[in-house]
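> Please model the complete structure; the sequences and the hints are all you need to start from.
Quick mapping for you: the protein sequence lines, in order, are chains A and B. Letter by letter, the first sequence follows residues 1 to 167 in the numbering used here. Letter by letter, the second sequence follows residues 1 to 415 in the numbering used here.
These aren't lab readings, by the way, just hints derived from the structure by calculation. A hint or two may mislead.
To be verified - Distance condition first, Cα-Cα at most 30 Å in a straight line; then the derived BS3-like pairs of lysine-lysine:
| no. | chain 1 | residue 1 | chain 2 | residue 2 |
| --- | --- | --- | --- | --- |
| 1 | B | 409 | A | 46 |
| 2 | A | 46 | B | 144 |
| 3 | B | 120 | B | 248 |
| 4 | B | 248 | B | 92 |
| 5 | B | 151 | A | 46 |
| 6 | B | 144 | B | 167 |
| 7 | B | 202 | B | 92 |
| 8 | A | 46 | B | 408 |
| 9 | A | 85 | A | 52 |
| 10 | B | 254 | B | 175 |
| 11 | B | 92 | B | 249 |
| 12 | B | 271 | B | 254 |
As the structure is a computational prediction, the values presented were derived from the model and not from experiment.
Read off the chains here:
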Amino acid sequence: MSSNAAELRDLYQELILDHGRTPRNRRKPADANREALGHNPMCGDKMTIYLKLGEHDGLIEDVAFEGQGCAISTASASMMTEILKGKTAAQAQEIFDYFHTLCTTDDATPPKDLNEDDLDRLDALSGVRQFPIRVKCATLAWHAMQAALCPAGMRQNEVNSESDERT
Amino acid sequence: MTLFACATPKSFDAEKYRTDFPALHQNINGVPLVFLDNAASAQKPRQVLETLTRLYSNNYANIHRGVYTLSQRATDAFERARETVRRFINAKSSDEIVFTRGATESINLVAHSWGRTFLKNGDEVVITELEHHANIVPWQMLEKEIGIVLKPVRIEDNGDVKIESVKAAISQHTKLISVAHVSNALGTILPVEAIIAEAKSKNIPVLLDGCQAISHLPVDVQALGCDFYVFSSHKLYGPTGVGVLWGKKEILNKMPPYQTGGDMIEVVSFKGTTFKNAPGRFEAGTPAIAEVVGLGSAIEYVSTIGLSRIAEYENELLEYATSQLSKINSLRIIGTAPNKASIISFVMENAHPHDIGTILDGSGIAVRAGHHCAQPLMDRLGVPATTRASFAFYNTFAEVDALVAGIKKVQEIFG
Ligand SMILES: Cc1ncc(COP(=O)(O)O)c(C=O)c1O
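Structure below.
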């Protein structure tokens, strides 16, 4: 098998295809108190992220998304919702920082409190490393999530993942 | 891979022309490159590359200024290219050929110079729903600036543009019709003859965006009877950084300069400045000298093959590819107008264009995935994006088979 075939298989592994086909938490929660739209200008894909953030503890009580995208952006959004539920806003930011580094560089250190399942999910998504132009697909939902976390007033309602590329 | 020998036309030797294109002979991801993104930009024949090298090696200096031999040679080569372009599109005079940086700049030039001079609040500019952003946004700027109104012609669900729909969009306020000759996203060839006839009967000038037509069809601007025609060199096997604006001399000379500076003036004094006539008045500063000469060389190259023969062969490729792709169940071709150039956009049931593009690249196949700089068209057709295979005369029937095989791999992964 050529190295590209192996990379392709790595990118489109079963976990990704499964989340791409049947995304989890693709819905609009009635009690969401934060939202932001992510836009990938390369393909025109749009994705809205909804958060229900605890009033005082900053805990992410619910996270969901709506929108259509490629297998990578959809799987990433779906897995992100699974990873972030029950985490704090600060943890979410830390996890995104780790994931971003994982996709774009060779040395990333995971946050200490991340469990095995979450690490596996992020690892599966990081197959985009071999496809620099696709990094923006994998990070789209995360950028929108980050924007949604920003306090009102500082929040951009629409963000994009344009600048994300593996260097 | 099966070769469909019977389907290969004997009259056109694509294999022979391929040998002129160095970039086509390389492996991508371990397999031979199959380049099917010609609508975005075409590869360059060695004749063009050699022209660039020769110019820079032997005949290069700034143009229109030096009294010395080298500058004269560069100027001659540059102006010869202008004459080559004139002949290629059968313009009346080479003074009507303005060199720009590309089709985008050509349209911006017309919008900025002609538009701001001759359009006023409430005037309407008719375009279509399938335009490239380059033929939408410059006019939108005038909507903001002077209050013109942009009127997009409704297209059919199959991507066709009906003359009746164009007529319906025209009103007594219509002051310009600016439409694609061929759609970059769908391949539709627009009924430009009928559109121009209708426009003439109402004294409305017509701009044709010929970016996609220029490499696929013979173009004769006098026979067409339009007022402006624009295209880019890089889609016509020439260098990047050069475009053409053709306009009727009477109109061009009534238009104020777009940019100002050196090489476009007659007399400059602090009391005032007078400008050259077209094309000089629109060519401020040092142009892309070598690239213009390279465009001339590209035109000579395609002219020796002949645009009619190219069109005929590409049409056979289009028919073959359309029939092969139509056999794939989960695939739907977007844009099935009866009159098309060799561009096929498609979507697949379970796979997003991006994923298709990535997987095809794994088989060495270069296609475009996305909105093709035509977001309003994607909205109109209700798809976020498409995958697009666009064929040139150097593509072969075997490459169509490779595309089909690549799509089978997409199906294996996505079902
Ligand atoms: C129909 C059409 N119009 C305009 C353009 C813009 O051309 P350029 O980017 O060379 O200025 C393109 C190229 O993508 C096109 O296909």
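> With reference to the structure, classify each hint as holding or not holding.
Here's how the hints hold up against the structure:
no. : hint            : verdict
1   : 409(B) - 46(A)  : holds (27 Å)
2   : 46(A) - 144(B)  : holds (27 Å)
3   : 120(B) - 248(B) : holds (22 Å)
4   : 248(B) - 92(B)  : holds (8 Å)
5   : 151(B) - 46(A)  : holds (27 Å)
6   : 144(B) - 167(B) : holds (25 Å)
7   : 202(B) - 92(B)  : holds (23 Å)
8   : 46(A) - 408(B)  : holds (28 Å)
9   : 85(A) - 52(A)   : holds (10 Å)
10  : 254(B) - 175(B) : holds (16 Å)
11  : 92(B) - 249(B)  : holds (9 Å)
12  : 271(B) - 254(B) : holds (22 Å)
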